[in-house]
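Enquirer: Sequence:
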Amino acid sequence: MDQLVWISFCISICFSLLGNFSTGLPFEDGNNNNVKITRRSLELTQTINIQRQEFMQRQCELLGDHTQTLEDLSELQMDHMIVDKEHKLLYCYVPKVACTNWKRVLMMLTNKWHNGTDPLQIPGSLAHSVGMFTKLYDLSEAEQQQVLSDEYTRFILVRHPLERLLSAYRNKLEGDSPSARYFQSRVGRQIVKELRPGASNNSLERGDDVSFGEFIEYLVTPELSRANQSDYNEHWEVIAKLCNPCVMKYNVVGKYDTLLDDSALALYLAGADNLTFPTGHKPSSTRANLRNYFDPLPIGAIRKLYDIYEDDFRLFDYALDEVLGFEFG
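Per numbering that gives the first Met the number 0, the sequence shown starts with residue 0, numbered consecutively.
None of these hints come from the bench; they were simulated from the model.
Note that the structure is predicted; figures quoted are calculated from it, not measured.
Some clues are possibly wrong.
Stated by the list, open to error - In silico DSSO-like links for lysine-lysine, alpha-carbon gap of 30 Å or less:
#, residue 1, residue 2
1, LYS84, LYS134
2, LYS248, LYS111
3, LYS87, LYS254
4, LYS192, LYS248
5, LYS254, LYS111
6, LYS303, LYS254
7, LYS84, LYS254
8, LYS134, LYS248
9, LYS111, LYS134
10, LYS84, LYS240
11, LYS134, LYS303
12, LYS111, LYS84
13, LYS111, LYS240
14, LYS240, LYS254
15, LYS84, LYS192
16, LYS192, LYS240
17, LYS248, LYS303
18, LYS111, LYS87
19, LYS248, LYS87
20, LYS87, LYS240
21, LYS248, LYS84
22, LYS134, LYS240
23, LYS303, LYS240
All chains, please: the whole structure from these sequences, using the hints.
Expert: Written as structure tokens, this is what we have:
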């Protein structure tokens with residue numbers, strides 16, 4: 000009975016939020032592959048979203064993180080929180096969870112791109128450039144408190160911790176892009192030097208042949224991966240540390256698996272009726288390759304990884320068996 004009451008409540012909230020939306024109204028955009036965002040699809044997405052919010056808040060209470068306030072956050076802890084005051088939208092970006100495309104959309108939304116209507120035409124380097132967006136720490140104390148009110152849409156996109164980790168490895172240490180070469184020269188060379196006995200001179204010089212096992216060993220060795228700092232690199236940092244969900248109480252909790260639906264909901268609630276999240280990008284093949292990379296790892300390394308990312312597993316309702324086929328007791 001309680002479950003039926005809960006579902007009824009969720010649906011009533013959905014109709015309240017979305018009641019004025021025209022069924023079948025397309026969001027016109029050059030790359031949306033003729034996707035139509037309907038009232039019904041938004042209602043279903045909002046129902047799931049409310050359940051995710053409730054789950055996250057319960058986990059915050061269990062983790063004991065619900066007593067922290069906005070005043071407790073440093074500028075560094077607010078660094079990933081982008082604010083669009085006009086549309087009353089806060090978006091906390093998480094590397095390796097579609098953040099480049101979301102920054103492109105925000106550039107369109109905040110009129111910082113005037114060379115067409117396709118977000119995918121915006122160079123990624125421009126979307127990531129320093130000073131492009133207003134951050135939460137740029138606001139006055141009163142404006143920051145307003146962001147926490149019901150007036151604002153506070154949006155976060157998350158991804159299974161192990162899938163995100165593999166995506167970061169493949170993109171930054173396996174790839175051959177300028178960004179990958181940068182990470183290979185900085186992180187890859189360090190890994191080879193510290194963790195590979197008898198490494199060749201070529202590997203020591205280039206750092207471009209780091210295995211996934213070596214990368215994981217690096218992560219679970221904090222004296223290497225966190226040398227002279229308290230945090231990981233943002234591409235594999237714990238999402239809870241980047242976005243502080245127990246303080247920010249995000250009211251749109253999106254997941255990479257439902258990226259388009261959740262992004263549509265966030266944009267709709269922010270009043271961005273003329274934008275859709277771009278779908279004309281290459282889908283990730285990371286999920287299909289998870290077992291190939293993780294199966295050879297020792298159980299001890301998996302357990303240490305879980306300990307590092309435990310808050311993300313718990314707050315966002317992820318499980319090890321989604322990747323490994325088993326859970327720890």
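Enquirer: Against this structure, judge whether each hint is valid.
Expert: Each hint, compared with the structure:
Using a Cα cut-off of 30 Å, the hinted pair LYS84 and LYS134 holds, with the two alpha carbons roughly 10 Å apart. A hinted pair counts as satisfied when its Cα atoms are at most 30 Å apart, and LYS248 with LYS111 qualifies at roughly 28 Å. Straight-line distance between C-alpha atoms of LYS87 and LYS254 comes to about 21 Å, which keeps the hinted pair within the 30 Å bound. A distance of roughly 42 Å separates the Cα atoms of LYS192 and LYS248; the hinted pair therefore is violated under the 30 Å criterion.
Between the alpha carbons of LYS254 and LYS111 the distance comes to roughly 26 Å, so the proposed pair stays at or under 30 Å and holds. Pair hint LYS303 plus LYS254 holds up; C-alpha atoms about 24 Å apart against a cutoff of 30 Å. For the hint linking LYS84 to LYS254, the alpha-carbon distance of about 24 Å falls within 30 Å, and the restraint holds. Distance hint between LYS134 and LYS248 is fulfilled; the C-alpha atoms sit about 17 Å from each other, no more than 30 Å.
For the hint pairing LYS111 with LYS134, the CA-to-CA distance comes to about 15 Å; that is within 30 Å, so the pair holds. Taking the CA atoms of LYS84 and LYS240, the gap is about 24 Å. The hint holds against a cut of 30 Å. Straight-line distance between C-alpha atoms of LYS134 and LYS303 comes to about 33 Å, which puts the hinted pair past the 30 Å bound. Of the pairs offered as hints, the one joining LYS111 and LYS84 holds, with about 14 Å between alpha carbons and a cut-off of 30 Å not exceeded.
Straight-line distance between C-alpha atoms of LYS111 and LYS240 comes to about 29 Å, which keeps the hinted pair within the 30 Å bound. For the given pair, LYS240 sits about 17 Å from LYS254 by alpha-carbon distance, which is consistent with the 30 Å threshold. A threshold of 30 Å between alpha carbons decides the hint, and for LYS84 with LYS192 the separation of about 47 Å lies outside it, so the pair is violated. The hinted pair formed by LYS192 and LYS240 meets the criterion: a straight-line CA distance of about 29 Å does not exceed 30 Å.
A C-alpha spacing of about 28 Å is found between LYS248 and LYS303, which places the hinted pair at or below 30 Å, so the restraint holds. Straight-line distance between C-alpha atoms of LYS111 and LYS87 comes to about 17 Å, which keeps the hinted pair within the 30 Å bound. Distance hint between LYS248 and LYS87 is fulfilled; the C-alpha atoms sit about 15 Å from each other, no more than 30 Å. Restraint check for LYS87 and LYS240: the C-alpha separation of about 23 Å stays at or below 30 Å, so the hint holds.
For the suggested pair LYS248 and LYS84, the alpha carbons sit about 18 Å apart, so the restraint of at most 30 Å is met. Under the criterion of a C-alpha separation no larger than 30 Å, the hint pairing LYS134 with LYS240 is consistent with the structure, at around 16 Å. Using a Cα cut-off of 30 Å, the hinted pair LYS303 and LYS240 holds, with the two alpha carbons roughly 18 Å apart.
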